[in-house]
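Chemist: Sequence:
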Amino acid sequence: MKSFTVLPLTFLLVSSSGTRSPKKAPSYNITSCKKDSKDLNQCIANTLEALRPKMAEGIPKLKIPPLEPFLVPEVTLNKTSDALDLQTTMKQLKITGTTNVKVSKLNVDLTDLVGSVSLAFADLNVTTLYVIDALFMKMVPMIGQGQFNGTLSNVRVDLAGKAELSPKNDLGHSYLKIIQLKIKGFIGDARGHVVDTSGNPENVNITNAAIAFYEDYRREVLNILTPVIEEFCESVVLNVVNQALSTVPFEDMFAEDSK
Numbered sequence: 053m054k055s056f057t058v059l060p061l062t063f064l065l066v067s068s069s070g071t072r073s074p075k076k077a078p079s080y081n082i083t084s085c086k087k088d089s090k091d092l093n094q095c096i097a098n099t100l101e102a103l104r105p106k107m108a109e110g111i112p113k114l115k116i117p118p119l120e121p122f123l124v125p126e127v128t129l130n131k132t133s134d135a136l137d138l139q140t141t142m143k144q145l146k147i148t149g150t151t152n153v154k155v156s157k158l159n160v161d162l163t164d165l166v167g168s169v170s171l172a173f174a175d176l177n178v179t180t181l182y183v184i185d186a187l188f189m190k191m192v193p194m195i196g197q198g199q200f201n202g203t204l205s206n207v208r209v210d211l212a213g214k215a216e217l218s219p220k221n222d223l224g225h226s227y228l229k230i231i232q233l234k235i236k237g238f239i240g241d242a243r244g245h246v247v248d249t250s251g252n253p254e255n256v257n258i259t260n261a262a263i264a265f266y267e268d269y270r271r272e273v274l275n276i277l278t279p280v281i282e283e284f285c286e287s288v289v290l291n292v293v294n295q296a297l298s299t300v301p302f303e304d305m306f307a308e309d310s311k
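If you count by my numbering, then the sequence shown holds residues 53 to 311, one letter each, in order.
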């Protein structure tokens, strides 16, 4: 879920907005954040709010795709644990509601290049085509293909990440790269509509039985699926954000305090 990219994207977008060399990075007509300011975290929070519309529509110059909606053409997930054996491919994955987010506990340390943030979403709407072969709790199968349309409610996310600086290149520039990212999420509820389109009556019956199982054990199933979603989001964030960070030299990022 691309919504989880807020922390590193904030780091990137704030830096580019405060660049000392306007010709090297785009300007968004917002207040620059001073690198050594004691109010750095609040400045970043304010900047994030100002940049919310830009994040929704995407910023091509920074290789940032639109977040509203966020689209994933195709993704394959495989997971084996005591409670879940999952193989699934989702196509035309579409998520809306990612920019309707409340940000709290934002903390960025530019000395150690670490940061953390908490996010809260009222609703995330998800649609996708899927092919699945899964076994929940070693007893409930779900096999087939179809369409899913649903809403994740009361979604809370904690992110913590660490970056590193590359060696300077021939032009004297170094670039940030996220090297560690941990996402912990909580989904309050998830409701939706699943339609099996395989044309196989047995798969339809299996799907209906799996849906009934979910309705009876909703919290348990969500707890089982949450780590799969976390791992997926970590992969998406690292790929997209590092691509964006590669567009702006670190030397052109946060403004230095004037002496």
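These are computed hints drawn from the structure, not numbers from a lab. Computed from a predicted structure; not experimentally measured. One or more hints might be untrue.
Stated by the list, open to error - In silico DSS-like cross-links for lysine-lysine, where the CA-CA straight-line distance does not exceed 27 Å:
#1 Lys190 <-> Lys87
#2 Lys234 <-> Lys87
#3 Lys190 <-> Lys106
#4 Lys220 <-> Lys157
#5 Lys154 <-> Lys214
#6 Lys90 <-> Lys229
#7 Lys236 <-> Lys146
#8 Lys190 <-> Lys113
#9 Lys157 <-> Lys190
#10 Lys131 <-> Lys234
#11 Lys113 <-> Lys236
#12 Lys220 <-> Lys154
#13 Lys106 <-> Lys234
#14 Lys143 <-> Lys131
#15 Lys131 <-> Lys236
#16 Lys86 <-> Lys154
#17 Lys214 <-> Lys190
#18 Lys131 <-> Lys220
#19 Lys131 <-> Lys214
#20 Lys236 <-> Lys115
#21 Lys143 <-> Lys87
#22 Lys214 <-> Lys87
#23 Lys87 <-> Lys146
#24 Lys106 <-> Lys86
#25 Lys190 <-> Lys115
#26 Lys87 <-> Lys157
#27 Lys229 <-> Lys214
#28 Lys115 <-> Lys131
#29 Lys234 <-> Lys90
What the hints assert, rightly or not - Taking CB as the label site, the calculated pair distances span:
#30 Glu216 <-> Lys236: 49 to 59 Å
#31 Pro117 <-> Leu217: 34 to 44 Å
#32 Pro253 <-> Glu216: 46 to 56 Å
Cβ coordinates follow ideal geometry from the N, Cα and C atoms, glycine included.
Chemist: Determine for every hint whether it applies to the structure shown.
Modeler: For each hint, the structure was consulted:
1. Between Lys190 and Lys87 the CA atoms are separated by roughly 52 Å; this puts the pair beyond 27 Å, and the hint is violated.
2. This hinted pair checks out: Lys234 and Lys87 have alpha carbons roughly 25 Å apart, not beyond 27 Å.
3. A C-alpha spacing of about 45 Å is found between Lys190 and Lys106, which places the hinted pair above 27 Å, so the restraint is violated.
4. Between Lys220 and Lys157, the direct Cα distance comes to roughly 32 Å. Violation of the 27 Å bound is thereby established for this hinted pair.
5. Under the criterion of a C-alpha separation no larger than 27 Å, the hint pairing Lys154 with Lys214 is consistent with the structure, at around 22 Å.
6. Of the supplied pair hints, the one linking Lys90 and Lys229 holds, its CA atoms being roughly 24 Å apart against a limit of 27 Å.
7. The suggested pairing of Lys236 with Lys146 holds, with an alpha-carbon distance near 21 Å, which does not exceed 27 Å.
8. Proposed proximity of Lys190 and Lys113 is contradicted: the alpha carbons are some 48 Å apart, above 27 Å.
9. With a C-alpha separation of about 39 Å, the suggested pairing of Lys157 with Lys190 is violated against the 27 Å cut-off.
10. Between Lys131 and Lys234, the direct Cα distance comes to roughly 18 Å. Compliance with the 27 Å bound is thereby established for this hinted pair.
11. Restraint check for Lys113 and Lys236: not satisfied, since their Cα atoms lie roughly 30 Å apart, outside the 27 Å limit.
12. Annotation: proposed proximity of Lys220 to Lys154 is violated, straight-line Cα distance about 36 Å (limit 27 Å).
13. Of the pairs offered as hints, the one joining Lys106 and Lys234 holds, with about 25 Å between alpha carbons and a cut-off of 27 Å not exceeded.
14. Restraint check for Lys143 and Lys131: the C-alpha separation of about 18 Å stays at or below 27 Å, so the hint holds.
15. Of the pairs offered as hints, the one joining Lys131 and Lys236 holds, with about 17 Å between alpha carbons and a cut-off of 27 Å not exceeded.
16. The hinted pair formed by Lys86 and Lys154 meets the criterion: a straight-line CA distance of about 24 Å does not exceed 27 Å.
17. Straight-line distance between C-alpha atoms of Lys214 and Lys190 comes to about 37 Å, which puts the hinted pair past the 27 Å bound.
18. Only pairs whose Cα atoms come within 27 Å are accepted, and Lys131 paired with Lys220 is rejected, the gap being roughly 39 Å.
19. For a cut-off of 27 Å, the pair hint linking Lys131 to Lys214 stands: about 26 Å separates their Cα positions.
20. Distance check on the hinted pair: Lys236 and Lys115 sit about 26 Å apart at the alpha-carbon level, within 27 Å; holds.
21. For the hint pairing Lys143 with Lys87, the CA-to-CA distance comes to about 41 Å; that exceeds 27 Å, so the pair is violated.
22. Pair hint Lys214 plus Lys87 holds up; C-alpha atoms about 17 Å apart against a cutoff of 27 Å.
23. About 36 Å separates the Cα atoms of Lys87 and Lys146, which puts this hinted pair outside 27 Å; it is violated.
24. For the suggested pair Lys106 and Lys86, the alpha carbons sit about 21 Å apart, so the restraint of at most 27 Å is met.
25. For the hint linking Lys190 to Lys115, the alpha-carbon distance of about 42 Å lies beyond 27 Å, and the restraint is violated.
26. Using a Cα cut-off of 27 Å, the hinted pair Lys87 and Lys157 holds, with the two alpha carbons roughly 19 Å apart.
27. Proximity of Lys229 to Lys214 is assessed by CA-CA distance (about 9 Å); at most 27 Å being required, the pair is judged to hold.
28. Between Lys115 and Lys131 the alpha-carbon distance is near 30 Å, which puts this suggested pair outside the 27 Å criterion.
29. For a cut-off of 27 Å, the pair hint linking Lys234 to Lys90 stands: about 26 Å separates their Cα positions.
30. Distance hint check for Glu216 and Lys236: the Cβ-Cβ separation is about 22 Å, which falls outside the suggested range of 49 to 59 Å.
31. About 25 Å separates the C-beta atoms of Pro117 and Leu217, a value inconsistent with the hinted range of 34 to 44 Å.
32. One distance hint, 46 to 56 Å for the beta-carbon pair Pro253 and Glu216, holds here, with the actual separation near 54 Å.
Hints 1, 3, 4, 8, 9, 11, 12, 17, 18, 21, 23, 25, 28, 30, 31, counting from the list given before, are not met by this structure.
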